[in-house]
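Q: If you want the building blocks of each chain, they are given just below.
Protein chains: 4
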Amino acid sequence: MPQIFKDFVMIKIAIIGASGYSGEELIKILLNHPHAEIKKLYGFSSAGLNISNVHKSLKGIIDLTVESFDENDLNEIDLVFIALPSGESMNIVPKIFNKGIKIIDLGGDFRLKNLNEFEKYYKHHHTAINLLEKSVYGLSEWNESNISKAKIVANPGCYPTSIQLALLPLLKNKIINENFISITSYSGTSGAGKSVSQSMIFSEVNESVKAYKISTHQHIPEIKQYLKFFSNSEPDFSFIPHLLPATRGIYTTISAKINSDYDIKVIDDVYENEYSEKPFVRLYKHDIPELKDVIHTNFCDISWNLDENKNLILISAIDNLIKGAAGQAVQNMNIMFGLNQITGLLKCTEKKW
Amino acid sequence: MPQIFKDFVMIKIAIIGASGYSGEELIKILLNHPHAEIKKLYGFSSAGLNISNVHKSLKGIIDLTVESFDENDLNEIDLVFIALPSGESMNIVPKIFNKGIKIIDLGGDFRLKNLNEFEKYYKHHHTAINLLEKSVYGLSEWNESNISKAKIVANPGCYPTSIQLALLPLLKNKIINENFISITSYSGTSGAGKSVSQSMIFSEVNESVKAYKISTHQHIPEIKQYLKFFSNSEPDFSFIPHLLPATRGIYTTISAKINSDYDIKVIDDVYENEYSEKPFVRLYKHDIPELKDVIHTNFCDISWNLDENKNLILISAIDNLIKGAAGQAVQNMNIMFGLNQITGLLKCTEKKW
Amino acid sequence: MPQIFKDFVMIKIAIIGASGYSGEELIKILLNHPHAEIKKLYGFSSAGLNISNVHKSLKGIIDLTVESFDENDLNEIDLVFIALPSGESMNIVPKIFNKGIKIIDLGGDFRLKNLNEFEKYYKHHHTAINLLEKSVYGLSEWNESNISKAKIVANPGCYPTSIQLALLPLLKNKIINENFISITSYSGTSGAGKSVSQSMIFSEVNESVKAYKISTHQHIPEIKQYLKFFSNSEPDFSFIPHLLPATRGIYTTISAKINSDYDIKVIDDVYENEYSEKPFVRLYKHDIPELKDVIHTNFCDISWNLDENKNLILISAIDNLIKGAAGQAVQNMNIMFGLNQITGLLKCTEKKW
Amino acid sequence: MPQIFKDFVMIKIAIIGASGYSGEELIKILLNHPHAEIKKLYGFSSAGLNISNVHKSLKGIIDLTVESFDENDLNEIDLVFIALPSGESMNIVPKIFNKGIKIIDLGGDFRLKNLNEFEKYYKHHHTAINLLEKSVYGLSEWNESNISKAKIVANPGCYPTSIQLALLPLLKNKIINENFISITSYSGTSGAGKSVSQSMIFSEVNESVKAYKISTHQHIPEIKQYLKFFSNSEPDFSFIPHLLPATRGIYTTISAKINSDYDIKVIDDVYENEYSEKPFVRLYKHDIPELKDVIHTNFCDISWNLDENKNLILISAIDNLIKGAAGQAVQNMNIMFGLNQITGLLKCTEKKW
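Residue numbers (the numbering used here), protein chains in the order written: chain Z, 1 to 353; chain H, 1 to 353; chain U, 1 to 353; chain X, 1 to 353.
Treat each hint with caution, since some may be false.
Identical chains blur together in the list; that is why a pair holds if it fits in one copy or across any two.
[Said to hold, decoys possible] Listed next, the in silico DSS-like pairs over lysine-lysine satisfying Cα-Cα at most 30 Å (straight line):
{"no.": "1", "residue 1": "Lys310", "residue 2": "Lys257"}
{"no.": "2", "residue 1": "Lys56", "residue 2": "Lys352"}
{"no.": "3", "residue 1": "Lys257", "residue 2": "Lys224"}
{"no.": "4", "residue 1": "Lys285", "residue 2": "Lys123"}
{"no.": "5", "residue 1": "Lys278", "residue 2": "Lys56"}
{"no.": "6", "residue 1": "Lys224", "residue 2": "Lys210"}
{"no.": "7", "residue 1": "Lys265", "residue 2": "Lys120"}
{"no.": "8", "residue 1": "Lys278", "residue 2": "Lys265"}
{"no.": "9", "residue 1": "Lys352", "residue 2": "Lys39"}
{"no.": "10", "residue 1": "Lys285", "residue 2": "Lys257"}
{"no.": "11", "residue 1": "Lys123", "residue 2": "Lys310"}
{"no.": "12", "residue 1": "Lys151", "residue 2": "Lys172"}
Please keep in mind that the hints were generated in silico from the structure rather than gathered at the bench.
Throw the hints in and build the complete structure from the sequences for me.
A: Here is the structure:
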């Protein structure tokens, strides 16, 4: 555990999976964090390289060699971030957990409590079942109390973050009809990571759009499980993810019926009550957010509108690599270590945070 | 009327509004059309300029001066295409109609039969009411017989084309629940034309997305009116248009409930029956179309999938400037003048067209 | 040989390498060509697939199965286009040549006459040396007479096309100083083909630029060889290719000193004399071309300007897949078969072609 | 003047022209600066609006109303940043200067000492001639001593920053031939600001490139003047700026002849000697920088290569809004107020800064 003085903590950090986009973003955020110190970077194919040769953007900023993971190196480490493809984290987490070191896993291995769902959607056999129940879902705005006590945090998926932050206040307050909710999301390409496939080369993505993984996306059971957990609802929803010709960001559009002829002010109040004390949710009310305004921030921008037929239209926008990955991970770190949530993530003139 | 010989027509054409993107596309298509001859180009701010200076892409291809419109010039003209901002066409159409010249209007002035709807959504007072009933809606695949006899064709909007072609077969066959259909569309920027506003400059659109005109878009009443006209249905739908960081194309995603526990093969058959004889509708069935594959074509690509909850997910993709504007206009011209629909629009090895 | 009547030729065509971007473009152009008939499509990994599943854009247009190449299939073929990665064509060409079938090779295997240069830049040992001298360089505007008699045409590289068309008139007329010419080119990503590498994924290319292969690009010896061949000059030039965040096109900017205090009109005349009878070179004179205006065309747009210090600035723009590959290949086919050069490539109202 | 204690400064700041892209970037940087406090934001058309409505990205971060400029409001201000279109700053600067307040002008009004050049390139009559000689050019790496004593800093243009940082070490050391240097730059669209014109809408810029202002760009005399000032050289150069289909960044490619048959190591040493103590210049040596790696940073990445003909190829990359505008302005503020140059601009683990 880090030494905590009244006004000073310095958290010693290891990152496993430093060579991906989420790893790069984590490093950038942590370098600006006054209470974090990056001690170890681990990678596979990048082991042996200086991290500033893996991510040239870090040249002149950080001078640290990526190493092959060895759990015996972690003696001075307070917290490990894991940013690996699904199926890899579950083989590493037990070794770290047994040392009493805190873990934030940015991947999907510890999000689903239901093993059948895990195997169906992730196509892996789970190898660390006993740690599943110990993991805490890191949707910061909705699970702060549990996160503050967690030893393992399963950081949410990017789509589920953008969807749940928009839907939960309404489901919790029984505002919308659970019989049918339509969710359409567009994601920047960095969500697919640095993995190489013909469908991700520039010539194929640019000036195009495509939907993918209709009804088979691994974020579907995650959304289901935590909508139930946080709002005790089990709505029937469709979710259609799309690839956007842009590098970063998720833009989610949700249509739903409302349960009664509510005035829009009722909905205004529901969101206001839920989020007025949350620094990273910006309520646009009936204005419409633009994706570019959340890029490179940890914000989730949310709007709501009623159309003529009293269909409710929700929009939410996040940066998939920040609020959808590395930023929310650091927000969770702040919560776990008793720091102000915004530390290292937001410098603002707002007095209230 | 053009002189029609058994195997030869040469349609003499004027284009009003030649300097916009739809005008440019019309010119390009018509130059490749074996039975069309562009005789006159009209414009406002561009009057007096050579069209190849207005659209540099036409340099070396066509050498014609844009003129100020004068209805007395139209003596040898068989067909006038109008590609003007809404509210302008209705002042010009009567002058042309009275001369017995056929008209295809790419704008919105003659699409809505209901004047209240027109004024509410277009914010114009209609000045050619008596011609409204004479205009025929140019959704080529659904209105061919009427188009073939029309004197004025109101060419459909880009969004309505992509939405109606996907929805109509299902609504006509009572496959989907009309209580709630969710429609999300993403459009390339050329849909906004060449008009200049800060929100359309590259720095604002690039690497971003935004929804706009939720529940106020002028294509909503058009969709309503013609879903009823072609399928006798009045579904409750939400429609959320978005601006895509790409120049061309519309990608529409639709979610709906089905009326019964239909097997997907029922839906396969509905589409097959409707479109197997339509050269410009490509049925992807359960594969997912990519926007890039319709760009620069007159095709509409359509797919359908049922997710686990028996929510039906429809995708349709068109080029907004071609099937959503100039291409469908030429398809309608072909129908009006007794030509094969694909003339000038599609060279293919398929024997059946 | 095809049967040639006074006014009708139908050239029977095979394409080897139909599954790449140049292959796709060739197919699209040839489908619109009144004297071409695609008989055979050959591929490696795509063998056995319908070409409309390889290129979804061709769905509904052409229905032909890609086959594994077998030279015994070519009996009825008049012309073979080859669009393969460098080093592959030289193993196939001799088998076709021996059958007396004409060949247009879009790759680099038959462009360089100097074997040392070939091995140095292409890193292959040449296996068809005896055919090198028979191959004719297909820079259509400069080698028409030789092309018309050729049995093998080596279609030029994309960069060399854009560079030579701009430079040759000035070098031939000794207008510019050969001691130092600076050439900077930006290419769309389709120039790299469909090959998959991390550096070509959207997230790496988008919102970025990079120069590459400084002084090692395989187009350097091609430029050298043919500047000498066509203009008898051996200038010292630097060539720096860059990757542009766009799918198509090459934009070349050239700076050079002029040999004397020429008036700009002298230069105007040089270009006018050289290209006034060439349908695919558009002279912008002192106006500056935009890349978008040549995309999807076979044009090369060229401008020239003198700055205050009498430095000459040349700009040339082409579509890398059309004038830089498939379009020029078809232009060469037209020349080889005695057709008008513009056939299938340009429908225009210009009377003079 | 701010109260300066041994270890604490809090600089009170006003920004004139807060509603443009440079203004937005300045605000973001200063909010992260530990010794800066934004007290006043001034604008014209945006006066009366909250800055977070002008730049939605600032929502939840800063809550300050944009005001109409009034020099009588500046009593507590230590430093004014001006980010206005050319020709506007010179009317405001005298009023501020007379109050003894320090000024950093991001525009071009105080960069050129030669009035004829100013009027020729900027097309304005200068109205504050007496302050021209007092202004200090803010190329931080080359003018630190003068900047530290300056009352008015003329912050460099974006192109000149990227060009001079690459060229000056070589010119100062007489490495390259001054008879002809070819400079080609590509700039992101944010360099054109938020001003609205048809040529800047997304549909015109996307998937395109164009050169512009060949030999007439207002940065030409700036480059000339300061190459002479810093390296006592007067090279003959061509400069061709281009518009890149990307929001941010400048990528500059320079070709030149070297004066002698230097080994590349000589050039390595020249750069190393010049910049090893400069935190914001990253030397890539013979590796090639990618634009994306400097975006959102104050770095200038530089590489050099000799091609086979001993032509020297320089590449430099900056973020036009940061090192090319707001970032260098803050770097200059740090220098003027005796702070470490990197304060608020770079958090790094390098010990030496």
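Q: None of the hints should be skipped; say for each whether it holds.
A: Hint check:
Taking identical chains as interchangeable, the C-alpha atoms of Lys310 and Lys257 lie at most 30 Å apart whether they share a chain (7 Å) or sit on different chains (18 Å). Proximity of Lys56 and Lys352 under a CA criterion of 30 Å is satisfied inter-copy only: 20 Å between copies versus 37 Å inside one chain copy. For a Cα distance limit of 30 Å, the shortest separation of Lys257 from Lys224 qualifies both inside one copy, at 18 Å, and across copies, at 19 Å. For the identical chains of this complex, Lys285 and Lys123 are inter-copy neighbours only, at 26 Å across copies versus 40 Å inside a copy, given an alpha-carbon limit of 30 Å.
Taking CA atoms no more than 30 Å apart as the test, Lys278 paired with Lys56 passes between copies only; the shortest distance there is 18 Å, against 34 Å inside one copy. Both within a single protomer and between protomers do Lys224 and Lys210 lie at most 30 Å apart by alpha-carbon distance, with minima of 24 Å and 26 Å respectively. Taking the shortest alpha-carbon separations for Lys265 and Lys120, only the inter-copy value of 25 Å comes in at or below 30 Å, while the best intra-copy value is 41 Å. Taking CA atoms no more than 30 Å apart as the test, Lys278 paired with Lys265 passes inside one copy only; the shortest distance there is 20 Å, against 48 Å between copies.
Taking the shortest alpha-carbon separations for Lys352 and Lys39, only the inter-copy value of 19 Å comes in at or below 30 Å, while the best intra-copy value is 33 Å. Taking the shortest alpha-carbon separations for Lys285 and Lys257, both the intra-copy value of 18 Å and the inter-copy value of 29 Å come in at or below 30 Å. Taking the shortest Cα distances, Lys123 and Lys310 sit within 30 Å of each other only across copies (23 Å), while inside one copy they are farther apart (40 Å). Proximity of Lys151 and Lys172 under a CA criterion of 30 Å is satisfied intra-copy only: 27 Å inside one chain copy versus 56 Å between copies.
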